[in-house]
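Chains as they are written, first to last, in the working numbering: chain S, 161 to 422; chain G, 161 to 422; chain R, 161 to 422.
No lab work stands behind these hints, which were simulated from the structure alone. Bear in mind that the values here come from a model prediction, so they are computed numbers and not experimental data. Just so you know, even glycine gets a beta-carbon here, dropped at the ideal spot from N, CA and C. Careful: at least some of the hints might be erroneous.
To give a feel for the contact side, a few chain G residues facing chain R, derived at Cβ under 8 Å [stated by the list, open to error]:
#1 Y184
#2 V186
#3 L216
#4 S228
#5 T256
#6 L302
#7 A305
#8 T346
#9 V347
#10 G349
#11 G392
#12 G393
#13 G395
#14 A399
#15 G414
#16 R418
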Amino acid sequence: MTSPGATLRAIRERKPLVHNITNYVVMNETANAILALGALPVMAHAREEVEQMVGLASALVLNIGTLSPQWIEAMLAAGAAAEIPIVLDPVGAGATEFRTETAHRILDTVNVTVLRGNPGEVATLVGAHAEVRGVESITAGLDPAELARTAAQRLGVVASVTGPVDHVSDGERVLAVANGHQLLATVTGTGCMSSALTGCFLAAKSDAPLEAAAEALAAFGVAAEDAASGAGGPGTFHARLYDALYALDPATLGERVRITEL
Amino acid sequence: MTSPGATLRAIRERKPLVHNITNYVVMNETANAILALGALPVMAHAREEVEQMVGLASALVLNIGTLSPQWIEAMLAAGAAAEIPIVLDPVGAGATEFRTETAHRILDTVNVTVLRGNPGEVATLVGAHAEVRGVESITAGLDPAELARTAAQRLGVVASVTGPVDHVSDGERVLAVANGHQLLATVTGTGCMSSALTGCFLAAKSDAPLEAAAEALAAFGVAAEDAASGAGGPGTFHARLYDALYALDPATLGERVRITEL
Amino acid sequence: MTSPGATLRAIRERKPLVHNITNYVVMNETANAILALGALPVMAHAREEVEQMVGLASALVLNIGTLSPQWIEAMLAAGAAAEIPIVLDPVGAGATEFRTETAHRILDTVNVTVLRGNPGEVATLVGAHAEVRGVESITAGLDPAELARTAAQRLGVVASVTGPVDHVSDGERVLAVANGHQLLATVTGTGCMSSALTGCFLAAKSDAPLEAAAEALAAFGVAAEDAASGAGGPGTFHARLYDALYALDPATLGERVRITEL
């Protein structure tokens, strides 16, 4: 059962350290989202330190948005060493073979807890038809709820497929999350932020990754709704998004989330 | 003939993918500028994927702001594979030999469509006297209109020289762009943003690179004028700049641009 | 004697170039803080150019927030070539051996002028007990004033230990700086910004590094106080922080700083 307010309260009390090996584009923004929510971010990618750093952390977030071979090695090493929940964000899988293969390599060798991607990326990884343009998903061959369920079953993960409505599945159950705002699509890295926040929720609720993943997306969506109110466009929305994450109220979050089981 | 409103409308309809191999400082900001304008950004620098990624794109933007040898190889490989318009931003050319030589190497081996730089950088590349301090242009030995024309002729590009008034030349004609705001100089990466937006305009108007480059600078300048109105300083101006790019109106853009042929 | 208004005026008149070899997370933000204050930032990390770039600069800022071996080599090379004040920000020292060893390696081989860190990082480097979680300092075994004095003596630097109250020492004198705002802790990279601004103040006051370091923290703290007034949370505070740095008034800064000698 989802209890986003309680999970958020736990995050703010425990301040879990979330280790990110992520892309250059969103490092600052995902760190700020994690901080604004109430957890502690750390970015570390050196092969020399990732195992030790992940040993201090409560969740690991791997994001392939700007790849290079050394970073892949670091992701695999951190993933192998991690005894904590792991989120994989397969940014741009389907756009290039290098990204698709890297996402598969991580899924094959790392114990990924939650795969958080857009429909095109996730469809690519289950072998369904998808059209991906750069890092944007254009179309996916499957209904998103079905896609989430199929991905969870085939890849052995909780699949978290984001879109106008998000769908999260453990292979049996499917939770739909209807929070969010269209301005999210006008700011780069909001998908990456949702993966980072998924790491925070998993850190505080590691025994229920399906629920934790859905709660993370719902909380982020509620914050986006708050940020959009009064925003003048993508730039002021972006600044207000951190304000809204910081202001999320555990006492009312449960009433505001729109999570339904399909 | 310039028709910035029509070009902007085309960008928003076609949503061209713009592939950036750019510096670490401005990755997020240039991606957000491209998104706010209405195109799709992708950042990818791995030698293993740049050729495939550039094959999906409608423009390529190369920016040498934070160089290393692997990135130069990726830029050259992407540039060689690209059959699309290419923008080069020679950040810091003139400050170090490494940057000057790299800019020349790209110009010599890649089919650069538009060179977008500040007067010091462009003057360095044509062998004129210039004083560059870090990535800031202090003085250039030539009048900017003459500098743009000379650079275009000698380097075989459309030269886009930005400053209080921008000058864009194909070696024969020179267009001056008088839009913009002094707050642009207080935010890092606004030059890089103008290069990224030049890529967007080229993607939608590849048959007229002189006009596309001037329209890009004019549109960015109009957005800066809008963003400055009500800004409290560099930080709120920066946030409002994305709002203003997003709000640019194709119907009125033509009346607001101040492009004159010299 | 501290004279922050005069130093700020000198920064804005001379516009010193500050060379940063820093982490990916804060490159944009520290560059913008330097620009907003009135100096000129440059980011350059290639082994091929750091010596030439540092030769153009008036201060060098080394920050180990996202390390890799090549970057360490660049920091050491730039540090060896520099004949200007050098700031070291030992981000995450104490969290991993790689970071602790790298910070020591820089301190041992580079003529560091100011070490700017949080209590856990600085305590780690003097061998005192510290608890560091990722890049956050949880506890340090020493009183911060004593910690700053001890670090300065043992490491041969001006030690600048930031916290709710900052303590800066040259090993004999200790200056306490009481400016600042709690929202600084909700935005990533504000510690890194304080190191970058320390570089700016050192560039303009290289003969008095103790005072320059304290003035930098006080000026940043005053800006944070201004930014917090009217901010809706971390995101709008962050944007307003650049506005506030830009608006710092040399004529009144001296009255607003709260620097006391212990």
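A quick look at each hint next to the structure:
no., hint, verdict
1, Y184, "5 Å, holds"
2, V186, "7 Å, holds"
3, L216, "25 Å, violated"
4, S228, "5 Å, holds"
5, T256, "4 Å, holds"
6, L302, "22 Å, violated"
7, A305, "26 Å, violated"
8, T346, "6 Å, holds"
9, V347, "6 Å, holds"
10, G349, "7 Å, holds"
11, G392, "4 Å, holds"
12, G393, "3 Å, holds"
13, G395, "3 Å, holds"
14, A399, "5 Å, holds"
15, G414, "31 Å, violated"
16, R418, "26 Å, violated"
In summary, the structure is inconsistent with hints 3, 6, 7, 15 and 16 from the numbered list given earlier, while agreeing with the others.
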